[in-house]
Amino acid sequence: MLYMSKILLRNKDIPNSQSLEVYTGRGGYNALRKALSLPQDDVISMVYESGLRGRGGAGFPAGAKWRMLTKYRVKTVYLICNADEGEPGTFKDRFIMEFDPHLLLEGMLITAYATGAHHGFIYIRGEYDWIAKILVKAIDEAQAHGFIGNNILGSSFSFFVDVFRGAGSYVCGEETALIESLEGKAGRPRLKPPFPAASGLYGDPTLIHNVTTLSYIPFIIGNGPDAFKSAGKAGSGGTHIFGISGHVNKPGIYEYPMGTTLRELIYEAAGGIRGGKHLKAVVPGGMSAPILKADEIDVSMDYQALNAIGTMLGSGGIVVLDEDTSIPMIAQKTAKFYAHESCGQCAPCREGTNMIKYLIDKIIAGEGTAKDIEQILRLCRYIRGSTICAFGIAATLPIAAMIKKFRNEFEALLRD
Amino acid sequence: MKNISLHIDGKYVQTPGGSTILAAAKQNGIHIPTLCYHPRTRQAGKCRLCVVEVKGLPGLQVSCSIQAQDGMVVLTHTERIIETRKMIVELYLSNGKHNCMSCEACGSCELQAVAYHLGIEKSDFPAVDKDMPVDMSCPMIIRDMNKCIQCYRCIIACNDIAVNEVLDMGYRGSKMTVVCDTDKPMGKSSCVVCGECVQLCPTGALTEKKAIGKARHWETEKVRTTCPYCGVGCQLQLHVKDNEIVKVTGAEDVEPNYGSLCIKGRFGYDFVHSPLRLKSPLLRKDGRLEEVSWEEALNFTAKRFSEIKQAHGPDSIVGIGCARSTNESAYVMMKFMRAVIGTNNIDHCART
Amino acid sequence: MAGLASTLGAGAMTNSIREIENAPVIFVIGSNTTEAHPVIANIMKRAVKKGSRLIVADPRKISLTRWAARHFQHKVGSDIALLNAVMHEIIKNDRHDKKFINNYTEGFEKLMETVSEYTPAYASGICGLPADEIRELAKILGEAEKVALFYTLGITEHVTGTDNVRTCANLQMLLGNIGKESSGVNPLRGQNNVQGACDMGALPDVYTDYQKAAYPAVRKKFAKAWGVNSLPEQEGTKIPAMFDGIIHGNVKALYLAGENIVMSEPNQAHTVKALEKLELLIVQDIFINETAEHADVVFPASCFAEKDGTFTNTERRVQRVRKAVKPPGLAMDDWWITCELSRRMGFEMGYTSAEQIWEEIRSLTPSMSGITYKRIEHQGIQWPCTDEEHNGTCYLYCNNVFPCGKATFQPAHWKPPAECPDNEYPIVLTTGRRLYQYHTGTQTRLSAGFDEICPEELIEVNPKDAEKLDIKDGDYIFAVSRRGRVKAKAWVTDRVLTGVCFMTFHFREACANVITNDVFDPVTGTAEYKACAVRLEKI
Amino acid sequence: MIDKDIKEIIEGFVKKFPCRDSAVLPSLSLIQKKNGYVSEKDMEDLSRILGFSEARIFSAASFYSMLNLKPKGKYHIQICSNVSCSLTGEGPLLDYISGKLGIKEGDTTPDGLFSIEPVECLGSCGYAPAMIINSDHYENLSFERVDEMINVIYEQNITEK
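Chains as they are written, first to last, in the numbering used here: chain D, 1 to 416; chain S, 417 to 768; chain C, 769 to 1307; chain V, 1308 to 1468.
Be careful, since some hints might not be right.
Subject to a maximum C-alpha distance of 25 Å in a straight line, what follows is the list of computed BS3-like cross-link-like pairs (lysine-lysine) [what the hints assert, rightly or not]: (1) S:LYS546 - D:LYS336; (2) V:LYS1377 - S:LYS604; (3) C:LYS829 - C:LYS1236.
Here are some chain V residues pointing at chain D (derived, C-beta under 8 Å) [unchecked claim]: (4) GLY1319; (5) SER1366; (6) TYR1371; (7) GLU1427; (8) ALA1435; (9) ILE1465.
Derived by calculation from the structure, the hints in this document are not laboratory data. Quick reminder that beta carbons are idealized off the backbone N, C-alpha and C, glycines included.
Generate the whole structure from the sequences, applying the supplied hints.
So, in structure tokens, the structure goes:
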């Protein structure tokens, strides 16, 4: 039976959940108090032990990231919350910020305390205008009550946070592109190394986490690492917020433990396929995750199981496609998206995503040849791994999977 | 730095610590193709042509920016690497207008060299239309962005080497292109025409207007000399064909300028071939300067100097030397005034 | 250069171009570096990007100020007052380098005495800078670990030019910024081989390497080497005195190699008058220019690309010049022409190549004796280079060894320019160069494209003055001085202060030297190109 | 043009952030909010205020899809054209609105009131289809609701006149 656990969304449906009053009334900021009473390294250890992995898509262990920063304690350290949610199919972070902004702020405060950061930024995508306003209000309120500012809650810890709005660029979700953007430049990813932990914002050590990742911190500190671990399954601790969209009866966001199956999410949580139709395919983790066929949905939604069948958990954005959907059309939308969002900095990505789009357009227009399909696959194969950032992988894996799994649909459109 | 050792293509090689994989390979005679990398613009990583496989690291690594580590195992020519390089070059050829026939850069174009090296006759991808107007607005530099490969060298040249801060990368994705100021024509921008960008451009995207059609790269003799303008003494290469200077570039491997020049040094060379140059000695006859032979002009002058010296003494003759001629000429003039005329009345325009 | 020679010992940049990049503070005074020495300016700007502080003191808001941490816009001709006040503050706040001063200098008491009256408040009245800004400049320079000072003609082209230079040297000695890397006193030389022409002894009082013509031993050494019985004893005349000599009838003949003096000397009418009075004018040049038009004989010379030889750059680096093309028509090398004249006057020099001449030069020139053509085949060498094992000298006075024992403070008092504005000529004209033209224009204006970018003379006028005179940007106006008038286009810009205008000498159609003042620094004979009084007239 | 008020706010950004570099994007967004788009003159002014090269300002301004370098309609409609939004609803919303307003994507109506343009994912996948008018976000759209919204804007602007 599907068990809905609520770590991140527990305040979502409470009236006036954005207010400090409601938040503290439900135990908010107690985890911060607890953290401030502990040595910084103990806080880091708790997060390390919880096995929390980054929820932005890459799944890097959070505790390990924090430990990389501890050697920079003497230098200025910046904390950045990546709220540039922009992957098609993904719409989870907005609900945390919209309905529980203090949860995020508390997570940031604890993280800043543990890692020695005194200035933080929430980099939010420009389109989330109304959410930026909610965040600014929450920060002001928290500052007025001594949760943000100098000598927080009477301790020697000080922290300030600014909301920084993006201006329309998917690549800025990549952490070094985001830093470039914060520095007032075009959001083009940097060459790594150096990694942000060594040289990030303004050249100082910088820790960047996704909204969801940071929002788990109060639970982990408040309830201990084991409570978090046991909410999920081995290697994939905790819950995950799944955003389900497309051809389902009840689209929306759902928080379930890691390890819930894709079938359960589609048929139980989201109420099954709309109009009683059959399922054709599912994108399990945002549009950069390779597509799954209907017979592959008994998979457990966790990092390892999805990797094992050639796809990924990614951002947890599930796009459900029914039997009438044209996969080449989905491929076209996907290719257009990546060609539009490529920052243009490195040759394979800039020229390659544009060429993929050109070739898919050609096929959809009925002008394609068998060679064009081969050329798309060639591009997918060699763009991957040759680019500056992971965008090149994100842009090619889904297209390659769509062609491999639904090749007949593409071939049916060819000229001959 | 201490030497470190690593394996490249099965060969055990040594390189100073801190070297990139690219440098380590080059020092050991292993060729890795590059487009965006240049020793003067350094860290690049844009064209991805120099990718290699490093045991233990995921994907491909750009050898121009990854440091060689002790014990590293590197492969530079696997099938995956070659195929990646071919794909990139073919994409460049499809997405730009690269016609070597009449391109000024032919022979010195690095894209052409890489295509040659990889044996690419033509791109296997369809040609994507690109038709940007050629910017002819600057009197010295032609900008043809259809031939630009977005290597960033000109941008680094303009911002980090010459520090004139005129160029940057505008727009994004396949529309990404180098812009002057707020995307103005170069001739209308704040560009001071130092030409650092032209010198570092690997293709025919930026070329010297005056040099167009004058000579192929391999037809010219390159003569190293010193700039005749200000006192910095920049080292130049004069590109000479058939007794004509067709182009000037900065000499990149020497002090004081390491390749940098200003508008005068780079583009102010054609006075040498001006039709107004003096070609014959002139002697004033009946109030007019007329062409005469060296014999006549020299004999006349020597005779008059001797007469004046005789009549009014050596100090009635004065000499002004040239702050633009060579040390050797200045010395000989000084010697002439002192030893031959017999006066210390020698000075030159030292002050302006 | 006399100012540096008398304080430190050698008339040249103490340090090297490449050291600029590592200077913690770069102090540029009286140098429009981005336009006159663009490649050095690039290195200064690179240094700023790496963290150096660039401090500019200049009456004009030159392009370099865009990268400067601070720009001190003092009045034309007030440099000594400014720097004396800065030194006053440095001493007052005990920021001077006492160890350096005690061990390696002479005359500190004299300096203290001189600068004591230059309080910031007093200097403020002369420089037009608030006293606090002068204190700030003193603090920046005084607190810096090292300062590299650069100047050009903004310092030298004054009637007090030598004193200006000495004052710059005083400042650096006071701060102990001599004899170490990325510091020093660094005059940037304006023409490609001014340094070389000086080093070669094309000066009325010295032979090569600044060996004094007044010393019998020097004359004996050269007489022996050249195979002559004796060499002249009496000190020769400098260019301004030559003109006076011509006008007074003492000088009858002028042998002029490659200078367009009609355009480049101040007060053009005076220059032309002198040329017309000459019995014999011999001009050796690559073009018929404004000066050659007055000649009795014109010798066609070869240009830089047509000959072998060496130039010496501003950092004392002797570099090769190589023949790339043949000279046009009958044109010949300068030295060939001089040798031919010499032979016809009964003195055979007999050189067959530039290298042969160089070999003679280095045999007579101790500081260059280690420099051979072979050694500078790839890269030039900076003098002093005393033998063939010596690698040349990046910066002078390493270990604080000065040619004359100790470095000498030579304090000077401020004096106003020779001609100050008055009711009739209320505006100060200062002159200089533009990036897109060179000198009297003989090279750039005959190269394609330059006149397209910079086609004509522009008189920089401050917007307030322009408004008062009802001058609009782009109007043609007259600039009038006691010596003449020039018509040119007005460029209304806040690059110049109110009461100041700026012109160049690049365009024969409108040459600033028609109206500049022919007064000279008594030591060097450098004219006061940087200040004279004019009025602007709307047409 | 950057007027005194905008300049003051921009100088506030410079003070607020640890490094003046961070003032670039907020300044550009502010200029667009006040002036409707970011003009060449705006970028030149901003370059002088912040002390960065014009090219650097342009590089940023031309990179981000939400910044307009050309004037747009008073009501700039941006419609999501990504996967989830095209799976639901009655049909392509972009085609419907462009048909209704009689303009092509990227164009502005002759009265200067509306301009439309497709954009990528707006983060409303579960509440598709979605669009943005200026900075306001709209979700779960139907043709009927879009008609209504456009009519309200028309009426507002007629009464304003």
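How the hints compare with the structure:
no. : hint                 : verdict
1   : S:LYS546 - D:LYS336  : holds, 18 Å
2   : V:LYS1377 - S:LYS604 : holds, 20 Å
3   : C:LYS829 - C:LYS1236 : holds, 21 Å
4   : GLY1319              : violated, 12 Å
5   : SER1366              : holds, 5 Å
6   : TYR1371              : holds, 4 Å
7   : GLU1427              : holds, 5 Å
8   : ALA1435              : holds, 6 Å
9   : ILE1465              : violated, 27 Å
In the structure shown, a violation is registered for the earlier hints numbered 4, 9, in ascending order.
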